[in-house]
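As they're listed, the protein sequences go chains A and B.
Under my numbering, think of the first position of the first sequence as 2, with each following residue one higher.
Under my numbering, think of the first position of the second sequence as -16, with each following residue one higher.
For the record, the hints were derived by calculation from the structure and aren't laboratory data.
Keep in mind that a hint or two might mislead.
[Said to hold, decoys possible] From the derived model, a few chain A residues whose C-beta atoms are all more than 12 angstroms from chain B:
#: 1; residue: 85
#: 2; residue: 93
#: 3; residue: 119
#: 4; residue: 158
#: 5; residue: 159
#: 6; residue: 168
#: 7; residue: 172
#: 8; residue: 220
#: 9; residue: 273
#: 10; residue: 286
[Claimed, not checked] So the derived label-pair ranges between C-beta atoms look like this:
#: 11; chain 1: A; residue 1: 104; chain 2: B; residue 2: 51; range: 31 to 41 angstroms
#: 12; chain 1: A; residue 1: 272; chain 2: B; residue 2: 82; range: 41 to 51 angstroms
#: 13; chain 1: B; residue 1: 122; chain 2: A; residue 2: 272; range: 21 to 31 angstroms
#: 14; chain 1: A; residue 1: 165; chain 2: B; residue 2: 255; range: 33 to 43 angstroms
#: 15; chain 1: A; residue 1: 155; chain 2: B; residue 2: 285; range: 42 to 52 angstroms
#: 16; chain 1: B; residue 1: 124; chain 2: A; residue 2: 86; range: 53 to 63 angstroms
#: 17; chain 1: B; residue 1: 275; chain 2: A; residue 2: 113; range: 21 to 31 angstroms
#: 18; chain 1: B; residue 1: 127; chain 2: A; residue 2: 3; range: 29 to 39 angstroms
#: 19; chain 1: A; residue 1: 90; chain 2: B; residue 2: 361; range: 54 to 64 angstroms
#: 20; chain 1: A; residue 1: 53; chain 2: B; residue 2: 154; range: 22 to 32 angstroms
#: 21; chain 1: A; residue 1: 104; chain 2: B; residue 2: 181; range: 52 to 62 angstroms
#: 22; chain 1: B; residue 1: 233; chain 2: A; residue 2: 155; range: 42 to 52 angstroms
In this text, a Cβ means the ideal position worked out from N, Cα and C, and glycines have one as well.
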Amino acid sequence: MDYFWELFFSGLTRGSIYALIALGYTMVYGIIELINFAHGEVYMIGAFVGMVVAGVLTSFGFPAMSIMVLASMAAVVYAAAYGYTLEKIAYRPLRNAPRLSPLISAIGMSIFLQNYVMLSQTSDFLSFPKLTPEFVFLEKYSSVIGSSDFLIIVVAAVVMIALSLFIKFTRMGKAMRATAQNRKMAMLVGVNVDQVISATFIIGSSLAAVGGVLIGSHIGQINFFIGFIAGIKAFTAAVLGGIGSIPGAVLGGLILGWTESFCTGYVSSDYEDVFAFALLVIILIFRPSGLLGKAPVQKV
Amino acid sequence: MKRSLLVLSFTLMLTVGLVAFGGTKKAEASAKTILLGVAGAHSGDLASYGLPSLEAAKLVVKAVNDAGGVNGAQVVISSQDDQCKPEFATNAAFKLVSDEATVVLGHICSGATKAALPIYKESNIVCMSPSATNPPLTQSGDYPNFFRTIASDDAQAALATNFAIDTLGLKKIAVIHDKGDYGKGFAEFAKKYITKSDKAEVVLFEGVTPGAVDYSAVVQKIKASGADGVVFGGYHPEASKIVSQIRKKKLTIPFISDDGVKAQKFIDVAGKAAEGVYATGPRDITGNPMYKVALGQYKATHDDEPGAFFFEAYSATQALLKAIEVAGSTDYDKIVEALRTHEVETPVGKIKFDSKGDAIGVGFSMYQVKDGAYQEVK
Chain A
2 MDYFWELFFS GLTRGSIYAL IALGYTMVYG IIELINFAHG EVYMIGAFVG MVVAGVLTSF
62 GFPAMSIMVL ASMAAVVYAA AYGYTLEKIA YRPLRNAPRL SPLISAIGMS IFLQNYVMLS
122 QTSDFLSFPK LTPEFVFLEK YSSVIGSSDF LIIVVAAVVM IALSLFIKFT RMGKAMRATA
182 QNRKMAMLVG VNVDQVISAT FIIGSSLAAV GGVLIGSHIG QINFFIGFIA GIKAFTAAVL
242 GGIGSIPGAV LGGLILGWTE SFCTGYVSSD YEDVFAFALL VIILIFRPSG LLGKAPVQKV
Chain B
-16 MKRSLLVLSF TLMLTVGLVA FGGTKKAEAS AKTILLGVAG AHSGDLASYG LPSLEAAKLV
44 VKAVNDAGGV NGAQVVISSQ DDQCKPEFAT NAAFKLVSDE ATVVLGHICS GATKAALPIY
104 KESNIVCMSP SATNPPLTQS GDYPNFFRTI ASDDAQAALA TNFAIDTLGL KKIAVIHDKG
164 DYGKGFAEFA KKYITKSDKA EVVLFEGVTP GAVDYSAVVQ KIKASGADGV VFGGYHPEAS
224 KIVSQIRKKK LTIPFISDDG VKAQKFIDVA GKAAEGVYAT GPRDITGNPM YKVALGQYKA
284 THDDEPGAFF FEAYSATQAL LKAIEVAGST DYDKIVEALR THEVETPVGK IKFDSKGDAI
344 GVGFSMYQVK DGAYQEVK
């Protein structure tokens, strides 16, 4: 039974990261119906900023926990700036263009950011400092769940709850929901749509940056390419849960994480991706709009 | 007026055409040079395996050219980047073939080499890799134009499994690989040798996905399998992730890997988790006289240590150029003949090549990470 729970938590850790990144995809899609393919690169940039800040703070002798917090904050600020700028230069000018144009622009930005980081940093793998304090939480279960897995799960859960409260209760949250429902109507009733879209990018990018710092500290290495694979997986999670739906992104991330983890554990890691994407195909056959997605209403 | 413009533009077009024509003529006339293609990963995440070879080739070529060239002809390098990707490797090969390269040093990764070899074979170009260790490249007999200055994976896997079974006394071994040509090849040979030995068994044989977010599920599987040792085939980025997660799970079983992991970068990234890791790598060559010469040339212009496969590439370049010199021409058959019959003094030792293309006299040793550096296990 221990084996089952080990796999369960391993999947939960992985799924939490997918969910954190998937939220960015799903929020942006919900508001402007754009798949922001450069989102994975924002996650990667978050991880790089986290690494640089953590390295500097470590050399000044800060305690581990404060480094974690400060590095995450720096990563969030940077990634938010990237997300905001990205929207401003790559998507806003194309907002009324045919739907393919911003998509191509997104893929272009993704390739640009990857190469930008590769050239300005290095193409090698870099070691990411271990920021999670080592603690044994219930001796008996220490093999089932480690301290950094625990931290990832808790942080991801807190961030996601905070996000749903934000969307439910704040003015900006209401404006976001209104814009997602109908952009033109929202504009007519006085919602500043540009501001809402910028806020969406900023929030989505911040969540991805948190994910980047957490996973960097968890596995101990990053390079310029990590955003691509994580981005693909998170995008899959968003589609699985129903793109545009916030609980859907979380559910999709977790299901994807568990599928991969259990398949590795009980079948073979050779087929990890095969099972993950087979699941996506099966779900899309039976629920084309994803698990929690709403079928688009036909406008008459 | 219009007509004169037309005449003028025609004249201009003709002049440009003539200039271009004259240009190509000139290049052909001075073609008494030897073009050495250097193909490999010069960018991308595996560039640290490819760039040292380019550096080695440059040093050998400079030394040869300073001494008057090969049979009086100067050697020119044409560097082609393949990022260790088969699809780029074929592009690089086509480029070198169309530039009429005399011989090619490369490619670096086995997968890329495999993709490029048929193209060189068709055009009768000798290709020598300092690092592609996939056994069928030589053993299949499909590529008579291929040579290498590194021992093949089966030699490496045999060493790793003998070490695991006889020296460490392991009984249950988990074999993990990265699904790539190189890593999976190594792992499959390891599995074959373990099963054949009858002294140990393979309790787990699995591939991981390179670049996956984490490998904890596979690590749990290793743990659940009751393995008392792990053999990994692949490169250092995955190895450092897996070994870190194994140590995080408080598993202290030995981790044995290949020369894709025997890189300083592995120790830098894995940090404390790297301590005690075993990896096979080319035999200690620091006693060879040419080794000191090559190192001295490198140190004269660089502050750091030469990178992965530098000496193998240095040796390969020497062997190639020497073969052309001995052959006395750039004819394919004569170069191949010279490579097989004529011994060359290189940093990896005095070598010539057997009928399949493997260098006689090179081999592997076992290394272990101690105090942040690989040390040969005696």
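Comparing the hints with the structure gives:
1. 85: holds (26 angstroms)
2. 93: Label holds. Min Cβ-Cβ 31 angstroms, cutoff 12 angstroms.
3. 119: About 8 angstroms separates residue 119(A) from the closest Cβ of chain B, which leaves it inside 12 angstroms; violated.
4. 158: holds (18 angstroms)
5. 159: holds (20 angstroms)
6. 168: Holds, since 26 angstroms exceeds 12 angstroms.
7. 172: holds (35 angstroms)
8. 220: It is violated; residue 220(A) is separated from chain B by about 5 angstroms at its closest Cβ, not greater than 12 angstroms.
9. 273: violated (6 angstroms)
10. 286: Holds, because the least Cβ-Cβ distance between residue 286(A) and chain B comes to about 25 angstroms, which exceeds 12 angstroms.
11. 104(A) / 51(B): 31 to 41 angstroms: Given a distance of about 59 angstroms, which is not inside 31 to 41 angstroms, the answer is violated.
12. 272(A) / 82(B): 41 to 51 angstroms: holds (43 angstroms)
13. 122(B) / 272(A): 21 to 31 angstroms: holds (30 angstroms)
14. 165(A) / 255(B): 33 to 43 angstroms: Once the Cβ atoms are compared, 39 angstroms apart, the range 33 to 43 angstroms for residue 255(B) and residue 165(A) holds.
15. 155(A) / 285(B): 42 to 52 angstroms: holds (47 angstroms)
16. 124(B) / 86(A): 53 to 63 angstroms: holds (57 angstroms)
17. 275(B) / 113(A): 21 to 31 angstroms: Taking Cβ atoms as reference, residue 275(B) and residue 113(A) lie about 46 angstroms apart, which means the hint is violated.
18. 127(B) / 3(A): 29 to 39 angstroms: violated (56 angstroms)
19. 90(A) / 361(B): 54 to 64 angstroms: holds (60 angstroms)
20. 53(A) / 154(B): 22 to 32 angstroms: violated (45 angstroms)
21. 104(A) / 181(B): 52 to 62 angstroms: holds (58 angstroms)
22. 233(B) / 155(A): 42 to 52 angstroms: violated (22 angstroms)
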